[in-house]
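Could you put together the complete structure from these sequences and hints?
As they're listed, the protein sequences go chains A and F.
Residue 8 is where the first sequence starts when you use this note's numbering, and the numbers rise one by one after that.
Residue 8 is where the second sequence starts when you use this note's numbering, and the numbers rise one by one after that.
It is possible that part of the hints are untrue.
Because identical chains cannot be distinguished in the list, a pair is counted as satisfied if it fits within a single copy or across any two copies.
For lysine to any residue, the following SDA-like pairs were computed, each having C-alpha atoms within a straight-line distance of at most 25 Å [claimed, not checked]: (1) 114 x 8; (2) 247 x 263; (3) 247 x 262; (4) 46 x 56.
Honestly, the hints are just simulated from the structure, not real lab data.
Below, each chain spelled out in residue letters.
Protein chains: 2
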Amino acid sequence: MKCKKCGAKASVNMRQHKLALCKEHYLEWVPEQTARFIKKYEMFTHYEKILVAVSGGKDSLGLWDILVRLGYQADGLYLGLGIDEGINYSHESQRLAQKYADEHQLKLHVVDIEKEYGQPIPVLADKSHRGYGKPCAVCGLAKRHEMNRIARDLGYDVLATGHNLDDEAAVLFGNTLAWASEFLLRQGPVLPSADGLARKVKPLCRFYEREMTAYCLARGIEYIYEECPFAEGSQSIYYKELLNQLETARPGAKLTFYLRFLEARKSGELFIENNVERAHLHPCSRCGQPTSAPDICSFCRMIEKVNAVTES
Amino acid sequence: MKCKKCGAKASVNMRQHKLALCKEHYLEWVPEQTARFIKKYEMFTHYEKILVAVSGGKDSLGLWDILVRLGYQADGLYLGLGIDEGINYSHESQRLAQKYADEHQLKLHVVDIEKEYGQPIPVLADKSHRGYGKPCAVCGLAKRHEMNRIARDLGYDVLATGHNLDDEAAVLFGNTLAWASEFLLRQGPVLPSADGLARKVKPLCRFYEREMTAYCLARGIEYIYEECPFAEGSQSIYYKELLNQLETARPGAKLTFYLRFLEARKSGELFIENNVERAHLHPCSRCGQPTSAPDICSFCRMIEKVNAVTES
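Set out below in structure tokens:
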């Protein structure tokens, strides 16, 4: 297999794009494509300040690397979740995020959940009795809350996450199996900003997971190989496996599924307009972040519950 | 496992409904449910004449049996497709359809494609070069055309087919993976009548395939076990297998997928109204059936092409 651009030996073959590239041209192609997606979905401009949610994994470190290479003003945010599970997960992922930042002289904000709220994620989850024995729901809630808080407090315009196509297609698949209207009408590469909420964007949403792996390997970016230990057996991993079966039978199926959805949403040929009112958001009386819950937001309520349990 | 109704030994266990029944109560339950679906989706009344498309398989014979047991005026239509493939498929399926009709003193119309149009389905498909070497596209076209023609010529109000949940969910899955708007906005248990087109209904759309198998076995209905030999390797069978995986992991997933789709369609919370105009249908200048194609309908065009090839 030869590189389509220069004829040298290809190191990445993308059947879904009928495209093979050598390492050098692959490292050009990925940012070019990313720039195209950023423009196509009107994610942000070079004048805006971007906060990249960095987990230490290949997607978020790859994203940060690409954005910096494209000349965007992108700082990182690492959230210390306090997940250990015998593999020192959080500690190791923080080390790798910090290593990347240091090597490239980039600014990485580090926020530690335990320092801020007294307990690491697994304990918060346990004490708040949310999520049926898994900390994933509380973790998601905390991450959304903290990312928004930091973006707002530090004056970032945009919050960028490293969700790739496999992530997005799996979420779409789950929402579709349940025909979850509210989520289907909202899912996309850009969630517009609202009062006190930064715009959220997913510049990697059209890259296959393996494309991001290849990018990080080719760039020599050291990232944490392990998935979060709590992800094992999750619905989302199950959906990814099903979609991978489909992809193997028909290369490109996953991308088509996601892109045709975005097209159908945009064209108005299938779905109604998203008429979810953002108007009913009001500031949480505790943290000031926008919430649709009465009085205080879900995150503050969770913390309150944990504190009550801990003190009693 | 005990029958929920009488406590006797259950012979059918439906995990998806959390319901186990003995043979006797299962044979009551299936028609009761069917009657409920007929009413819920406003399929037809006892005053209307129903033509059941009978293939000799479990679904269509089961459907005919249920409708007759429920007191509906239901005659059968068997279409002789001329499929042999070394297993005498059409001949055997016709024999079983006729056997059921004779044993129950029911009227079965038999229409033979070869007698009507000079060639059996595989030859029509071959000569018309449709469907990439598989006769399935031509077979579908011919079945739709002939069913409509007979229903209209013989004055039936409704055309009922034996599509079960597995069939419907597989079609929905395929349409969803491609976000095929036109099909998604139309798919459902009832296709309303239009000028010269009988209403089409699928009273078994909420029964799992295995529920229909169990019904026919319990009723002692002899049906053809073989699938059409041309179905092997089809997209639809592939989707059925994927959905069966999902169903195994989460009993009821297939039913939820289909029912939530129908609900979302009906509620208007997700999809736009189906605004496909039926107004642009006009009668085919050859057969008189409604068509959106200019001048003659796709079926007549196919037959014309085959005749031209055959004569030359």
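Verification of the hints:
no., hint, in the structure
1, 114 x 8, "neither (40 Å within a copy, 64 Å between copies)"
2, 247 x 263, "both (15 Å within a copy, 20 Å between copies)"
3, 247 x 262, "both (13 Å within a copy, 21 Å between copies)"
4, 46 x 56, "within (16 Å within a copy, 59 Å between copies)"
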